[in-house]
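Engineer: Here are the chains, one letter per residue:
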Amino acid sequence: MSTTLNLTLQVWRQDGPDAAGRFETYQANNIPDDASFLEMLDVVNEDLIENGKVPIEFPHDCREGICGTCGVMINGRAHGQEKGTATCQLHMRKFNDGDTIAIEPWRAAAFPVVRDLVVDRSPMDAIIQAGGYITAPTGTGGDANDTPIPKEAADSAMDAAACIGCGACVAACPNSAAQLFTSAKVWHLNSLPQGQPERYKRAEAMVETMEQFFGSCTNHGECSEACPKEISLDFIAYMNRDYIKSKRFNRKLAGQG
Amino acid sequence: MAAPTLARGKSAQRPIRPKRRELPFPLNLYQTAVGKKWVMAVTGLMLLGFVVFHALGNLKLYLGAVEHNGEAVWDIDLYGEFLRELLVPLFPRTYFLWLLRFGLMGAFALHIHSAFTLTRMNQSSNSRYQSKRDWLAANFASRSMRVTGVIVSLYIVFHLADLTWGLSAISPDWERGEIYNNLILSLGRWWVALIYIGANIALCIHIFHGAWSMFQSLGLNNPRWNSLRRSVAAGLAGAILLMNLSFPIAILAGVVEAGEPEVSLESNE
Ligand code: HEM
Ligand code: SF4
Ligand code: FES
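As you go down the protein sequences, you meet chains W and B in turn. Just so you know, we're using the numbering used here here: the first sequence kicks off at 1 and counts up by one. Just so you know, we're using the numbering used here here: the second sequence kicks off at 1 and counts up by one.
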């Protein structure tokens, strides 16, 4: 038997990018405690629709923690109070009957609100476009294990590649810095043999694109705490190292070194 | 760059601050935030080196008077003279000391300039939450770097006026070269001691975060000793605080007293 919860929600409503936003209070009644946070919002939205009101717009897609689409600020924490989970993986059993929950969109100057809880995260795409690729020969795929990869490098790359690009790191950062996301994307490729040809160009291009949109890291560490994939701060240090080196190496490559 | 896949208006990949024309190496490092943080870490390390040696040098206060060329002198006064005569056969007197001073001033200027510009960059990147934030990792030290930094820099100016320049408005009894007596007479006043203690607590808090942050900014990260980085920062901050706070306490408690240096022959008994 699952129990149900009655909750008070304070939800950020904003009609469009240029409209002024405001908090609105909703009652979420009879929420089963095995519902996910997004399902709870679904229930509230059903109610709003039945009463002829505009439902709350919130970002979501896979609802299993792999796509990186969902993500809202829940009581002042990105993706809510559970560690290592996305908003879609947060369950209502983690809340108590009678709780008041404040729900706000990600906030950063580079993440303008599209509507309600949905923000435009396309600057993160710009960072990927700047260097999130490798030079690979086209044609038939090579044999498996053609390129020997040290176990440690494979593990490190895998840990970095776990990033789902949700933007919680930016949302949680007091400086709106995107270091955790960018460093995960840089290190995912820079740690592997396949990523070596563009290693320093990648570090340079991705960091400099990041800085056109986001703030500067002051090593608070909020990002890693908020990250649904628990991406490590270590990658930020690796990215810093590769970036500083890139200024020297890229000159050498250009024949000026 | 490829065309944006989504154009929803407003952001749609329009930079907040477009990339500026790149200056030649190594100036281009200082044009980016990651480069500036690197400079901030290097200059922070230089300032940290100064703070450590300054505190260690001041411990000579406790050595009291020693015999020097048949005269009794305060050991710390000798130390001051030693600093002025650093590398003397190679450099004329005080030249090397001035070299160090200019290095520190340059580091200080760069440290503050990068702190200032990065703070502005962060403010323009940010958009405030309307509901209450719940901090998980940011601590008091990391969130107050700018405040502690400003307190420390204001204090440094006061400290120089008090003990280096001997401005008569602040320290009327100051005399050139009388390091021991100047220090004790100045810190023996409760309000100077209070400023001194407050500023050193701010410095300790600044170093607690700064010395950890420095490792990340410089890319000094190795799984072997990562677990030590926090302890090194805390240890440094604590050790510096203990040394620095001991001076006003010892002076106010009368452990060390101003006066003429005496080396008594009975002292060995
Ligand atoms: C005018 C005075 C100062 C100001 C405004 C200032 C400001 C700052 C700021 C804003 C940071 C960045 C904090 C962060 O990364 O979160 C920082 C870092 C640092 N500061 Fe200072 N500071 C000052 C003086 C000093 C002094 C006197 C020392 C020497 C002990 C020092 C040592 C450091 C260190 C080691 C770092 C770490 C650098 C890094 O993470 O890249 N600072 N400072
Ligand atoms: S680093 Fe973590 S918080 Fe940041 S975008 Fe990737 S998964 Fe999300
Ligand atoms: S909806 Fe895909 S990660 Fe949450």
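Heads up, some of the hints might be wrong.
Unchecked claim - Calculated cross-link-like contacts (lysine-lysine; reagent style DSS-like; alpha-carbon spacing at most 30 Å): (1) W:Lys94 x W:Lys53; (2) B:Lys132 x W:Lys94; (3) W:Lys247 x B:Lys19; (4) W:Lys151 x W:Lys53; (5) B:Lys132 x W:Lys53; (6) W:Lys83 x B:Lys19; (7) W:Lys94 x W:Lys83; (8) W:Lys245 x W:Lys151; (9) W:Lys53 x W:Lys83; (10) B:Lys19 x W:Lys245; (11) W:Lys94 x W:Lys151; (12) W:Lys151 x W:Lys201; (13) B:Lys132 x W:Lys201.
In short, the hints are calculated from the structure, not lab data.
Engineer: Compare the structure with each hint and give your call.
Structural biologist: Structure-based check of each hint:
no.: 1; hint: W:Lys94 x W:Lys53; result: holds (28 Å)
no.: 2; hint: B:Lys132 x W:Lys94; result: holds (19 Å)
no.: 3; hint: W:Lys247 x B:Lys19; result: holds (16 Å)
no.: 4; hint: W:Lys151 x W:Lys53; result: violated (55 Å)
no.: 5; hint: B:Lys132 x W:Lys53; result: holds (27 Å)
no.: 6; hint: W:Lys83 x B:Lys19; result: violated (36 Å)
no.: 7; hint: W:Lys94 x W:Lys83; result: holds (12 Å)
no.: 8; hint: W:Lys245 x W:Lys151; result: holds (25 Å)
no.: 9; hint: W:Lys53 x W:Lys83; result: violated (34 Å)
no.: 10; hint: B:Lys19 x W:Lys245; result: holds (19 Å)
no.: 11; hint: W:Lys94 x W:Lys151; result: violated (37 Å)
no.: 12; hint: W:Lys151 x W:Lys201; result: holds (25 Å)
no.: 13; hint: B:Lys132 x W:Lys201; result: violated (40 Å)
Violated hints for the displayed structure, listed by number in ascending order: 4, 6, 9, 11 and 13.
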